[in-house]
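Dock chain B against chain A, hints included.
From first to last, the protein sequence lines stand for chains A and B. No gaps in the numbering here: position 61 of the first sequence is 96 in this note's numbering, and each next residue is one more. No gaps in the numbering here: position 24 of the second sequence is 25 in this note's numbering, and each next residue is one more.
Bear in mind the hints are in silico, worked out from the structure with no lab data behind them. Honestly, I wouldn't trust all of these hints.
What the hints assert, rightly or not - The calculated BS3-like cross-link candidates involving lysine-lysine, where the alpha carbons are at most 25 Å apart (straight line), are: (1) A:Lys81 / B:Lys163; (2) B:Lys156 / B:Lys71; (3) B:Lys59 / A:Lys247; (4) A:Lys39 / B:Lys5; (5) A:Lys201 / A:Lys274; (6) B:Lys5 / A:Lys128; (7) A:Lys76 / B:Lys5; (8) B:Lys29 / A:Lys158; (9) B:Lys5 / A:Lys186.
To be verified - From chain B, some residues computed to sit far from chain A (all C-beta separations above 12 Å): (10) Ser40; (11) Phe47; (12) Tyr65; (13) Glu69; (14) Asn70; (15) Lys75; (16) Gln78; (17) Glu123; (18) Phe136; (19) Thr137; (20) Glu148; (21) Leu158; (22) Thr202; (23) Asn212.
Stated by the list, open to error - Far from chain B, some chain A residues (derived; all Cβ distances over 12 Å): (24) Phe130; (25) Phe311; (26) Ile316; (27) Leu318; (28) Trp349; (29) Ile352.
Here the structure is a predicted model, which means the values were calculated and not measured. Glycine included, each C-beta is placed from N, C-alpha and C at the ideal position.
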Amino acid sequence: MMKKLLNNYSTKFEYSFYCALFRVFIALFLIKDVIITNGLKNLLYKGVEFYIPTKSFLLEILSIDTNFIRNNFDYFNILYLIIIILYLFGVGKKFTAFMLYIIFDIMQQLNSVTLNGGDNLLKFILLYMVFINSYEYFSISKIKYKNPEFKKFDNFISNMGVLSIKLHLCLVYFLSAVHKINADVWFNGVATYYTLSLERFRGTTFNLYIAKNAFIVLISTYMTILIEISYPFLIWFKKTRKILVILAIMLHISISILMMLLDFQVVFILVQGFFFSNKEILLTINKIKNFQKKTKKMSNPIKLKNIFKISGIWIFIIIMLRVMYLLIKNYLL
Amino acid sequence: MIRKIISSISILIFVFYWMTTLIFVSPKNYLNINLLEYSDLFNSFFYQKWVFFAPPPKTNERLYYTFENKFNSKDIQIFEVIEPITKAKSENNPFNTEEDLLDYVLSNSINNIRETVINTSEFIKYQEKKLNKKFTELEKEKIYDSEIDNSSRFKTLKNYSKNVAIKNNININNYNIKLTISLIEIVPFSERNNIIYICKTEDMYISKSFNLNNDEKIIK
Chain A
36 MMKKLLNNYS TKFEYSFYCA LFRVFIALFL IKDVIITNGL KNLLYKGVEF
86 YIPTKSFLLE ILSIDTNFIR NNFDYFNILY LIIIILYLFG VGKKFTAFML
136 YIIFDIMQQL NSVTLNGGDN LLKFILLYMV FINSYEYFSI SKIKYKNPEF
186 KKFDNFISNM GVLSIKLHLC LVYFLSAVHK INADVWFNGV ATYYTLSLER
236 FRGTTFNLYI AKNAFIVLIS TYMTILIEIS YPFLIWFKKT RKILVILAIM
286 LHISISILMM LLDFQVVFIL VQGFFFSNKE ILLTINKIKN FQKKTKKMSN
336 PIKLKNIFKI SGIWIFIIIM LRVMYLLIKN YLL
Chain B
2 MIRKIISSIS ILIFVFYWMT TLIFVSPKNY LNINLLEYSD LFNSFFYQKW
52 VFFAPPPKTN ERLYYTFENK FNSKDIQIFE VIEPITKAKS ENNPFNTEED
102 LLDYVLSNSI NNIRETVINT SEFIKYQEKK LNKKFTELEK EKIYDSEIDN
152 SSRFKTLKNY SKNVAIKNNI NINNYNIKLT ISLIEIVPFS ERNNIIYICK
202 TEDMYISKSF NLNNDEKIIK
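Okay, chain B solo, but in the shape it has when bound:
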C-alpha cells in the first residue's frame, strides 16, 4: 500500500516535471510568455536550448587586435586571431582539443556579444515605447557601451589581447589597443557558382579601443 502511494506521488512529480519542461523549453507562446516570471527559476536548474543551427549562421567571424604605439604613430600592428585557430582546428582534427576549446571560448564570446547587442537594441525599442520618447544617438551609444563593457565575454576578449601581445613580443604599456569584430558573409546559396560574386565582403560589426586600465571608448 505504502509503495503504491509513493509510486503515485512519483508519477505526479514526473508529470509535473515534464509539463513544466514542455512549457518552458518550447518556442515562445502564449503560455510560457504568461509564466515568464517563473522561467528564470526553471532555467537556473534545467536550462536547455535545442535549436541546432536553426537558422545556421550566414557569416564567418574575424577578431582583430590593433596595437598602436603611443610614442610612434607609424608603429601599428594588426593581428587576426580566429582564422588561424579554425585552420589549426581543421588540420589537427580529430586530435584538436586545445584549438577546439580555444575556438569555443573566443567564438562563443563573440556570439554572446552579438546577442547582447541584439538584446540591447530590443531593450532600447521597448524603453522608447514605454517612456514615449526617442533616445538620442549619444544616449543609445552609452547604453550599448555600458552593456557590452559589463559583459564577462567582452572582458574575456579584452584580456586575450595580453596573450596576443606576449606572443608577438609587444609591450602593452607602450601601446593603445583596439578590438575589432568583423563578419564575412558566406556567399548566398543562389550565388555559389557565380564567379563574379565570389569576392569576400567583410563588414565591421564592432570596434572598441581600450587600454587595460578599463578606459575603453567606442569608436564605431
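Isolated chain A (complex conformation):
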C-alpha cells in the first residue's frame, strides 16, 4: 500500500492549476487585508491605543522582542507586503511561501483578538502551501529540476500538501458538526433562530423575520448539520463531490450575507476548489465551451486562455475598485 501511495503521488501532481489560482487569490486577499488594517494599525498592532496586546510566542522563540516589532511595525508591515507581492508573482517559490507563513503567523499573534475561524484555517492552508508546487501557472517562472528524482519528490510533497488541505477542511466540518450535535439548540433544530437574533451578526434587516419563521429555522439548522457531517465522508466520491461542494458554497454564501462574515466565508469557499484536479477543471470548462457552441451564441470558439484572461481582468478590476475605495476611505476622508 505504501509503495502504491509513493508511486501514485510521485508520478504526477494533478492539482497544479487550482493551487496556482489559489496562490493568486490568497495573495490578493492578504494585500486587501494589509490595506484595510493600515488605518487601524495603531490600535491593532502597535499597542499604542486602548487595546492591550499579548506577546507573540513565535517571536519569543526566535529571541525577538515582541515590542521591538510593535515599535517598528511600519517596516514589518512593508516587509509583509513585499513578501505577499513576491508570493503573488511566484518569486522565491517555496522559500517565499515559508516566509509568508511565518510572518502571517506573527501578524496573527500580534493581534489575536480580531481573529475568526477563517483566519485560523488560512494559517494552516498557508503552512500546507509551503510544500505545494503552485508555480506551474500564473508565475513568472516554473520550478525546474535537472534531476527527475527531485521532480518526483516535488510531486509527492505537493500531493501530500493538497491532501492535508482537504483533510483539514474535512476535520473542521466534522468537529463543528460533532460540537453542534452535542449542543441542545442544534439538536432540537432551533439554533439558527439564536444566531440570526444576535445583534453583532445582523447582516440584513430580514434576519429577524427569517428567525421568526419556525420552518426556515428548522430546515436551516438541520441542513447545516447535515452538510457538515456528510462532507468529510462523501466529498471523496466523484458522484457526491459536486453536490456537496455546491451545498457547502451555498451555506457559506448565506452565512456571509446574513451574518456579515464575508472574509471568513471567502476562505472556506476558496478551499473547496482543492477537491478538483486539473483534468476535472478542464473538463468543466470544455463542457461550458461545448454548451456555448451548441447554443451558437458565440460566433468565435472560446479558447481556454481567453476565459482566464477575461476572468482575470474582471477579478483585477473588482479588486482595484475595492482597493481604491479603501484608500480613499482611509487616507482622504
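Same frame as chain A, now just chain B:
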C-alpha cells in the same frame, strides 16, 4: 532509493502530525485528557478551535461606562458603547471594516472576561475539593478580582474609557469611572411570538469601579 527513503520519512511525519492534530483538536476525551501536559506545546504552534456557534450565544452584550464627578455628586454620565457599534456595523455593511474590528476588540474582550469568570469558578471548585475546605465569599471575591484585573482584556476595556471620555469631553481626572457589563437575553424560541414576553430583560454580569491609577474595586 534516497527519494523513497525521504518520501517514507515524510509519510511518517505526515501521519504523526495528523494523529496529534486529531488527538488535541477533538472534544475532551480519555486520550487528550491523559496527554494534557503536551496540549500547551501543541497549541503554541497549532492552536485551532472549530466550534462555530455550538452553542450560539443566547444573549446580546452591553458595555456601560459611568463617569461620576468626584466634586459634584449630581454629575453622573452614563455611556453604552456596544449597541452604537453593532448598529453602525450593520448599517455600513459590507464597507464596515472599522466598526467590525472595533466590535471584535470590545466584544471578544467581554467574552474573554466571561470565560475568565467561568474558569475561575471551576478553579475555586477544584481547589475547595483538593484542600477540603470552603472559601469564604470574601476569599472568592479576591480570587475573581485578581484574575479579572490581571487579564489583558479587562485592561483593554478599562483603557477604552479614555476614548469614551475624550469623545464626550470629560476630564477623567475629575471623575470616578465604573465599567459595567450586562447581558440582554434573546427571547427564547418558544416565546418568539409571545407579545407579553417581548420585553427586554437586562442582567448585570459584572461591575467594577476604578480610576486609571490601577485602583479598582469590585462593587458587585
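We went through each hint and held it up to the structure:
1. Taking the CA atoms of Lys81 of chain A and Lys163 of chain B, the gap is about 18 Å. The hint holds against a cut of 25 Å.
2. Simply put, Lys156 of chain B and Lys71 of chain B have alpha-carbon atoms about 22 Å apart, close enough for the 25 Å limit, and the pair holds.
3. Restraint check for Lys59 of chain B and Lys247 of chain A: the C-alpha separation of about 15 Å stays at or below 25 Å, so the hint holds.
4. Only pairs whose Cα atoms come within 25 Å are accepted, and Lys39 of chain A paired with Lys5 of chain B is accepted, the gap being roughly 12 Å.
5. Distance restraint check for Lys201 of chain A and Lys274 of chain A: the Cα-Cα separation of roughly 17 Å lies within the 25 Å cut-off, and the hinted pair is therefore satisfied.
6. The straight-line distance between the Cα atoms of Lys5 of chain B and Lys128 of chain A is roughly 24 Å, inside the 25 Å bound, and the hint therefore holds.
7. Only pairs whose Cα atoms come within 25 Å are accepted, and Lys76 of chain A paired with Lys5 of chain B is rejected, the gap being roughly 48 Å.
8. Taking the CA atoms of Lys29 of chain B and Lys158 of chain A, the gap is about 24 Å. The hint holds against a cut of 25 Å.
9. For the given pair, Lys5 of chain B sits about 13 Å from Lys186 of chain A by alpha-carbon distance, which is consistent with the 25 Å threshold.
10. The Cβ of Ser40 of chain B sits about 14 Å from the closest Cβ of chain A, beyond the 12 Å cut-off, so the non-interface label holds.
11. Under the 12 Å C-beta cut-off, the non-interface status given to Phe47 of chain B relative to chain A is violated; the minimum distance is some 8 Å.
12. The Cβ of Tyr65 of chain B lies farther than 12 Å from every Cβ of chain A, with a closest approach of about 16 Å, so its non-interface assignment holds.
13. With a minimum CB-CB distance of about 21 Å to chain A, Glu69 of chain B clears the 12 Å threshold, and the non-interface call stands.
14. For Asn70 of chain B, the requirement that its beta carbon stay farther than 12 Å from each beta carbon of chain A is met, with the minimum near 23 Å.
15. With a least CB separation of 29 Å from chain A, Lys75 of chain B remains clear of the 12 Å interface cut-off, as annotated.
16. For Gln78 of chain B, the shortest C-beta to C-beta distance to chain A comes to about 19 Å, beyond the 12 Å cut-off, and the non-interface label holds.
17. For Glu123 of chain B, the non-interface assignment is confirmed: its Cβ lies about 19 Å from the closest Cβ of chain A, beyond the 12 Å cut-off.
18. The beta carbon of Phe136 of chain B is kept farther than 12 Å from every beta carbon of chain A, the shortest such distance being approximately 29 Å.
19. A cut-off of 12 Å between C-beta atoms confirms that Thr137 of chain B is not in contact with chain A; the least separation is 31 Å.
20. The claim that Glu148 of chain B lies off the interface holds: its Cβ sits roughly 15 Å from the closest Cβ of chain A, which is beyond the 12 Å cut-off.
21. The non-interface label for Leu158 of chain B is inconsistent with chain A: the shortest C-beta to C-beta separation is roughly 8 Å, within 12 Å.
22. Residue-level check passed: Thr202 of chain B sits 15 Å from the nearest beta carbon of chain A, beyond 12 Å.
23. For Asn212 of chain B, the shortest C-beta to C-beta distance to chain A comes to about 16 Å, beyond the 12 Å cut-off, and the non-interface label holds.
24. Non-interface status of Phe130 of chain A relative to chain B is upheld: no Cβ of that chain comes within 12 Å, the nearest being about 19 Å off.
25. Consistency note on Phe311 of chain A: stated as away from chain B, and its beta-carbon is indeed over 12 Å from all of that chain's, at 22 Å minimum.
26. Against the 12 Å criterion, Ile316 of chain A stays outside the reach of chain B, whose nearest CB is about 25 Å from its own CB.
27. No beta-carbon of chain B comes within 12 Å of the beta-carbon of Leu318 of chain A; the shortest separation is about 29 Å.
28. Interface exclusion of Trp349 of chain A from chain B stands, the closest Cβ pair being 18 Å apart, more than 12 Å.
29. Listed as outside the interface, Ile352 of chain A is consistent with that label: its C-beta sits roughly 18 Å from the nearest C-beta of chain B, beyond the 12 Å cut-off.
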